[in-house]
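Number of protein chains: 2
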Amino acid sequence: MARPRQYDPETLRAAVVSAARGLLEEGGPPALTARALAQASGATSGTIYASFGDLHSVLIEVNRDTFRELGEMIDALPDAPPEPWLYALAEAYVDFMLERKGVWRGLFEGDRVTDVFPQWYMAAINALLAKIAHPIAALAPSENAAERAEELFISVHGVVALAAIGRLDMVSPRSPKALAHAAVNTMLSALKEASDA
Amino acid sequence: MARPRQYDPETLRAAVVSAARGLLEEGGPPALTARALAQASGATSGTIYASFGDLHSVLIEVNRDTFRELGEMIDALPDAPPEPWLYALAEAYVDFMLERKGVWRGLFEGDRVTDVFPQWYMAAINALLAKIAHPIAALAPSENAAERAEELFISVHGVVALAAIGRLDMVSPRSPKALAHAAVNTMLSALKEASDA
DNA sequence: ATCCATTTCTGAACATCGTTCTAAAATATT
DNA sequence: AATATTTTAGAACGATGTTCAGAAATGGAT
Numbered sequence: 001m002a003r004p005r006q007y008d009p010e011t012l013r014a015a016v017v018s019a020a021r022g023l024l025e026e027g028g029p030p031a032l033t034a035r036a037l038a039q040a041s042g043a044t045s046g047t048i049y050a051s052f053g054d055l056h057s058v059l060i061e062v063n064r065d066t067f068r069e070l071g072e073m074i075d076a077l078p079d080a081p082p083e084p085w086l087y088a089l090a091e092a093y094v095d096f097m098l099e100r101k102g103v104w105r106g107l108f109e110g111d112r113v114t115d116v117f118p119q120w121y122m123a124a125i126n127a128l129l130a131k132i133a134h135p136i137a138a139l140a141p142s143e144n145a146a147e148r149a150e151e152l153f154i155s156v157h158g159v160v161a162l163a164a165i166g167r168l169d170m171v172s173p174r175s176p177k178a179l180a181h182a183a184v185n186t187m188l189s190a191l192k193e194a195s196d197a
Numbered sequence: 198m199a200r201p202r203q204y205d206p207e208t209l210r211a212a213v214v215s216a217a218r219g220l221l222e223e224g225g226p227p228a229l230t231a232r233a234l235a236q237a238s239g240a241t242s243g244t245i246y247a248s249f250g251d252l253h254s255v256l257i258e259v260n261r262d263t264f265r266e267l268g269e270m271i272d273a274l275p276d277a278p279p280e281p282w283l284y285a286l287a288e289a290y291v292d293f294m295l296e297r298k299g300v301w302r303g304l305f306e307g308d309r310v311t312d313v314f315p316q317w318y319m320a321a322i323n324a325l326l327a328k329i330a331h332p333i334a335a336l337a338p339s340e341n342a343a344e345r346a347e348e349l350f351i352s353v354h355g356v357v358a359l360a361a362i363g364r365l366d367m368v369s370p371r372s373p374k375a376l377a378h379a380a381v382n383t384m385l386s387a388l389k390e391a392s393d394a
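Heads up: the protein sequence lines correspond to chains C and B, in order.
Start counting the first sequence at 1; every next residue gets the next number (the numbering used here).
Start counting the second sequence at 198; every next residue gets the next number (the numbering used here).
Treat the hints as calculated values from the structure; they're not laboratory data.
A virtual CB, placed ideally from N, CA and C, is assigned to each residue, including glycine.
A couple of the hints might just be wrong.
Estimated spans, in silico, between C-beta atoms of each pair [stated by the list, open to error]:
1. C:Arg112 x B:Ala231: 24 to 30 angstroms
2. B:His331 x C:Arg112: 34 to 40 angstroms
3. C:Ser51 x B:Ala211: 45 to 51 angstroms
4. B:Thr208 x C:Ala50: 49 to 55 angstroms
5. C:Arg64 x B:Glu280: 42 to 48 angstroms
6. B:Gly250 x C:Glu61: 36 to 42 angstroms
7. B:Ala231 x C:Ser195: 55 to 61 angstroms
8. C:Glu61 x B:Ser215: 38 to 44 angstroms
To list a few chain B residues with every Cβ distance to chain C over 12 angstroms, as calculated [as the list claims (entries may be wrong)]:
9. Ala231
10. Arg232
11. Ala233
12. Gly250
13. Glu269
14. Ala273
15. Asp292
16. Arg297
17. Ala334
Derived EDC-like pairs (lysine to aspartate or glutamate); straight-line CA-CA distance at most 20 angstroms [unchecked claim]:
18. B:Lys389 x C:Asp196
19. B:Lys328 x B:Glu266
20. C:Lys101 x C:Glu26
21. C:Lys192 x B:Glu340
22. B:Lys389 x C:Glu143
23. B:Lys298 x B:Glu288
24. C:Lys177 x C:Asp95
25. B:Lys298 x B:Glu258
26. B:Lys389 x C:Glu193
27. B:Lys298 x B:Glu269
28. B:Lys328 x C:Asp169
29. B:Lys374 x C:Glu147
30. C:Lys177 x B:Glu344
31. C:Lys101 x B:Asp308
32. B:Lys298 x C:Asp111
33. B:Lys298 x C:Glu109
34. C:Lys131 x B:Asp366
Whenever a hint applies, use it, and build me the whole structure from the sequences.
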């Protein structure tokens with residue numbers, strides 16, 4: 001007793017999120033417009049709004065996908081001793097984000113909309129921080145590994161933040177990877193200095 | 198033989214730039230609209246466009262002011278030995294930027310528009326990097342102080358980048374200042390470790 | 001068979017955005 | 001007075017996110 005669904009809801013959502021990722025990669029957050037999304041996903045803007053509510057919710061779903069991919073990428077890193085593994089993680093993280101500059105901008109640009117982030121959001125970040133903290137704890141048992149992990153992540157974030165918006169060359173001629181490597185190296189040196197003293 | 202100027206050009210430009218800073222502080226880059234700027238500066242959008250060309254040029258002028266203020270702030274820092282001076286610089290930088298979150302977003306959000314930045318832009322950044330490098334060179338003469346300065350700046354930038362958009366709490370419960378302090382501490386420890394070895 | 005209730009979907013409409021450009025305003029010169 | 005010249009005002013254009021009235025498409029009731 002109703003007009004039949006023209007789109008399977010889950011298929012539509014997947015198509016919209018996929019189209020959104022494409023638009024983000026093409027032109028960053030400004031390219032993620034309702035009309036372009038409608039065109040690229042095959043639905044009309046009204047249908048998209050019926051499913052997602054607003055464009056920001058589409059972005060959130062892209063971010064969810066991105067976190068999942070990031071987790072898979074990290075899990076696929078080959079096992080290695082703490083130090084080389086930490087270097088590998090930092091460089092893989094830089095590669096991952098800089099292959100997705102538009103998505104990165106979607107994650108970190110714009111007004112903070114919600115007071116509380118979705119729990120999967122925080123869980124993904126905490127999982128990443130835990131993966132950083134693990135080798136640090138192995139290398140320097142007397143240190144607060146969780147805090148050192150936060151600091152190291154933030155340092156690498158600084159590199160990616162500048163590189164993703166094309167402004168790293170304002171600060172350094174070195175590559176993002178080289179600078180991420182240096183950030184890990186500095187943290188490792190500091191850990192050694194702390195255990196020496 | 199012409200309609201007389203209704204605004205002194207320099208006064209108008211100053212009023213527009215000042216109004217732009219206010220709008221940025223109120224609501225970040227999205228609040229910097231031509232119509233709001235016209236309202237706040239007392240001119241019409243047409244007049245503003247005649248003077249600045251486009252809104253991005255207004256933002257550039259705000260940034261110029263900001264760099265000038267930042268330089269003055271640093272010059273006003275009390276003299277101190279290298280280590281405490283570096284801590285003081287990092288914390289003052291964090292304070293400066295987080296008191297100007299909207300301006301910070303104007304500096305670091307959005308598409309990179311020009312291939313080449315204005316020379317005063319690069320000069321301001323290089324001056325800041327040199328001020329960071331100076332105490333590092335004093336503490337660790339055998340190190341490449343310029344490179345260490347770049348790395349330290351980028352680490353502190355990571356802190357400010359997250360704090361300015363209200364997302365630092367996703368990564369750490371600590372304050373921006375505490376994290377900036379930790380970044381300096383880590384770099385100083387690494388320098389000591391390097392000179393030990 | 002016809003009509004209707006119900007749900008899904010479309011796209012026109014609204015306010016706002018950056019930007020452009022026409023024309024009004026205001027003077028100096030002829 | 002008329003005109004040329006420059007400055008200013010603000011309407012207009014195409015775009016944006018979002019809403020919403022109605023078209024479309026069915027199953028059930030008559």
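Hint-by-hint comparison with the structure:
1. Separated by about 25 angstroms at the C-beta atoms, C:Arg112 and B:Ala231 satisfy the suggested range of 24 to 30 angstroms.
2. Checked against the hint of 34 to 40 angstroms, the C-beta distance between B:His331 and C:Arg112 comes to roughly 36 angstroms, which is consistent with it.
3. Take C:Ser51 and B:Ala211: their Cβ atoms lie about 49 angstroms apart, and the range 45 to 51 angstroms holds.
4. B:Thr208 and C:Ala50 have their C-beta atoms about 52 angstroms apart, which keeps the hinted 49 to 55 angstroms range intact.
5. As the Cβ distance of C:Arg64 to B:Glu280 is approximately 44 angstroms, the hint placing it in 42 to 48 angstroms holds.
6. At roughly 38 angstroms, the beta-carbon separation of B:Gly250 and C:Glu61 lies within the given 36 to 42 angstroms, and the hint holds.
7. The hint said 55 to 61 angstroms for the Cβ distance between B:Ala231 and C:Ser195, and at roughly 58 angstroms that hint holds.
8. The given range of 38 to 44 angstroms is respected by C:Glu61 and B:Ser215, whose C-beta atoms sit roughly 41 angstroms from each other.
9. No Cβ of chain C approaches the Cβ of B:Ala231 within 12 angstroms, the least distance being about 17 angstroms, so the stated non-interface status holds.
10. The claim that B:Arg232 lies off the interface holds: its Cβ sits roughly 19 angstroms from the closest Cβ of chain C, which is beyond the 12 angstroms cut-off.
11. No Cβ of chain C approaches the Cβ of B:Ala233 within 12 angstroms, the least distance being about 16 angstroms, so the stated non-interface status holds.
12. For B:Gly250, the requirement that its beta carbon stay farther than 12 angstroms from each beta carbon of chain C is met, with the minimum near 20 angstroms.
13. The claim that B:Glu269 is not at the interface with chain C holds, since no C-beta of that chain comes within 12 angstroms of its own (minimum 21 angstroms).
14. Every Cβ of chain C is farther than 12 angstroms from the Cβ of B:Ala273; the closest lies at roughly 23 angstroms, confirming the non-interface assignment.
15. The Cβ of B:Asp292 lies farther than 12 angstroms from every Cβ of chain C, with a closest approach of about 17 angstroms, so its non-interface assignment holds.
16. For B:Arg297, the condition that its CB be more than 12 angstroms from all CB atoms of chain C holds, with the nearest at approximately 16 angstroms.
17. For B:Ala334, the requirement that its beta carbon stay farther than 12 angstroms from each beta carbon of chain C is met, with the minimum near 16 angstroms.
18. Restraint check for B:Lys389 and C:Asp196: the C-alpha separation of about 11 angstroms stays at or below 20 angstroms, so the hint holds.
19. For the hint pairing B:Lys328 with B:Glu266, the CA-to-CA distance comes to about 15 angstroms; that is within 20 angstroms, so the pair holds.
20. This hinted pair checks out: C:Lys101 and C:Glu26 have alpha carbons roughly 9 angstroms apart, not beyond 20 angstroms.
21. With a C-alpha separation of about 17 angstroms, the suggested pair C:Lys192 and B:Glu340 falls inside the 20 angstroms cut-off, and the hint holds.
22. Annotation: proposed proximity of B:Lys389 to C:Glu143 holds, straight-line Cα distance about 17 angstroms (limit 20 angstroms).
23. A distance of roughly 15 angstroms separates the Cα atoms of B:Lys298 and B:Glu288; the hinted pair therefore holds under the 20 angstroms criterion.
24. As the CA atoms of C:Lys177 and C:Asp95 are separated by approximately 8 angstroms, the hinted pair is consistent with the 20 angstroms bound.
25. Under the criterion of a C-alpha separation no larger than 20 angstroms, the hint pairing B:Lys298 with B:Glu258 is consistent with the structure, at around 17 angstroms.
26. Between the alpha carbons of B:Lys389 and C:Glu193 the distance comes to roughly 7 angstroms, so the proposed pair stays at or under 20 angstroms and holds.
27. For the suggested pair B:Lys298 and B:Glu269, the alpha carbons sit about 18 angstroms apart, so the restraint of at most 20 angstroms is met.
28. Simply put, B:Lys328 and C:Asp169 have alpha-carbon atoms about 18 angstroms apart, close enough for the 20 angstroms limit, and the pair holds.
29. For the given pair, B:Lys374 sits about 14 angstroms from C:Glu147 by alpha-carbon distance, which is consistent with the 20 angstroms threshold.
30. For the suggested pair C:Lys177 and B:Glu344, the alpha carbons sit about 14 angstroms apart, so the restraint of at most 20 angstroms is met.
31. A threshold of 20 angstroms between alpha carbons decides the hint, and for C:Lys101 with B:Asp308 the separation of about 11 angstroms falls inside it, so the pair holds.
32. Note on B:Lys298 and C:Asp111: the hinted pairing holds, with a Cα-Cα distance of about 11 angstroms set against a maximum of 20 angstroms.
33. Annotation: proposed proximity of B:Lys298 to C:Glu109 holds, straight-line Cα distance about 13 angstroms (limit 20 angstroms).
34. Taking the CA atoms of C:Lys131 and B:Asp366, the gap is about 18 angstroms. The hint holds against a cut of 20 angstroms.
In summary, this structure violates none of the numbered hints.
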